[in-house]
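Counting from 1, position 204 in the sequence shown corresponds to residue 543 in my numbering; the numbering is continuous, with no gaps.
Don't read these hints as lab results, they were simulated from the structure. Quantities reported herein were computed from a predicted structural model and do not represent experimental measurements. Hints should not be assumed to be uniformly reliable.
Listed next, with one range per pair, are the computed distances between beta-carbon atoms [to be verified]:
#1 Ala515 - Ala384: 18 to 28 Å
#2 Asp549 - Arg453: 39 to 49 Å
#3 Ala384 - Gly433: 37 to 47 Å
Note that the Cβ used here is the ideal one computed from N, Cα and C, for glycine as well.
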Amino acid sequence: MAGHSKWANIQHRKKAQDAKRGKIFTKMIREITVAARQGGDDPDANPRLRLAVDRALAVNMPKDKIEKAAARGAGNDDSVAYEEARFEGYGPGGIAIMADCMTDNRNRTVSDIRHAFNKHGGNLGTDGCVAFMFQQRGVMIFPPETDEDSLMEAALEAGAEDVISNEDGSFEVLTAPEEFTQVRDTLVAAGFEPADAEVTMRPENTTGLDDEEAGKAARLIERLEDLDDVQHVYTNADIQAAAFEDA
Numbered sequence: 340m341a342g343h344s345k346w347a348n349i350q351h352r353k354k355a356q357d358a359k360r361g362k363i364f365t366k367m368i369r370e371i372t373v374a375a376r377q378g379g380d381d382p383d384a385n386p387r388l389r390l391a392v393d394r395a396l397a398v399n400m401p402k403d404k405i406e407k408a409a410a411r412g413a414g415n416d417d418s419v420a421y422e423e424a425r426f427e428g429y430g431p432g433g434i435a436i437m438a439d440c441m442t443d444n445r446n447r448t449v450s451d452i453r454h455a456f457n458k459h460g461g462n463l464g465t466d467g468c469v470a471f472m473f474q475q476r477g478v479m480i481f482p483p484e485t486d487e488d489s490l491m492e493a494a495l496e497a498g499a500e501d502v503i504s505n506e507d508g509s510f511e512v513l514t515a516p517e518e519f520t521q522v523r524d525t526l527v528a529a530g531f532e533p534a535d536a537e538v539t540m541r542p543e544n545t546t547g548l549d550d551e552e553a554g555k556a557a558r559l560i561e562r563l564e565d566l567d568d569v570q571h572v573y574t575n576a577d578i579q580a581a582a583f584e585d586a
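Build the full structure now, drawing on both the sequences and the hints.
Have a look at this one:
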């Protein structure tokens, strides 16, 4: 979720994850299984699996479930074959939205995503119609009480690309995707524990919405995130947390 109230949005997202933990775990298991199938079940030798495990741990997924999912993927369990797919479109106010999916039935997924867009004031677009507006980046968010000078010094020494100070007092550390794990681990070792950390598709610019458009956009994003086949949703919309709370 983009926007200048980063801290409020992060807190909202964590509450939302807690409310639907079972569904979140299912999505995590898919990601871990596919990552292990592609690169093996050793997180130290498989960067994609390491990120998937980190995401799972961040939502308090039990370690035994993580290990079983990785073992199943590395064992090439073909009982269910997931296809990765990305869908792009436009939401209320012309905002860009991308949904990364893992599906065992592409036709079902396309139908569900198109229905979500149409129902909430958006429209599904063609491949590549909005992807150019985003760049893959490692992003770590730190709370407002973090010492800015110390964080900036530690982050840049660790190899971060930039440190951004948000209007709400929180901070973002940006990295190249391949440097994300090293930078994060170095900052944690230096005493800077991020409140949220992930490799994501970050918009180059954000689009502001009025209250009505923001409400519609929040409902669309939450509907997409609630679909079983959707792993991640990205947008360039500047949506305040209050819009999601009212969605």
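*Can you let me know if the beta-carbon spacing of Asp549 and Arg453 is within 39 to 49 Å?*
Hint violated: Cβ distance 25 Å, outside 39 to 49 Å.
*Does 18 to 28 Å hold as the CB distance between Ala515 and Ala384, or does it fail?*
Because 20 Å falls inside the window, the suggested range holds.
*Can the suggested window of 37 to 47 Å be confirmed for the beta-carbon pair Ala384 and Gly433?*
The hinted range 37 to 47 Å holds for Ala384 and Gly433, with Cβ atoms some 43 Å apart.
Of the numbered hints stated above, the single one contradicted by the structure is hint 2.
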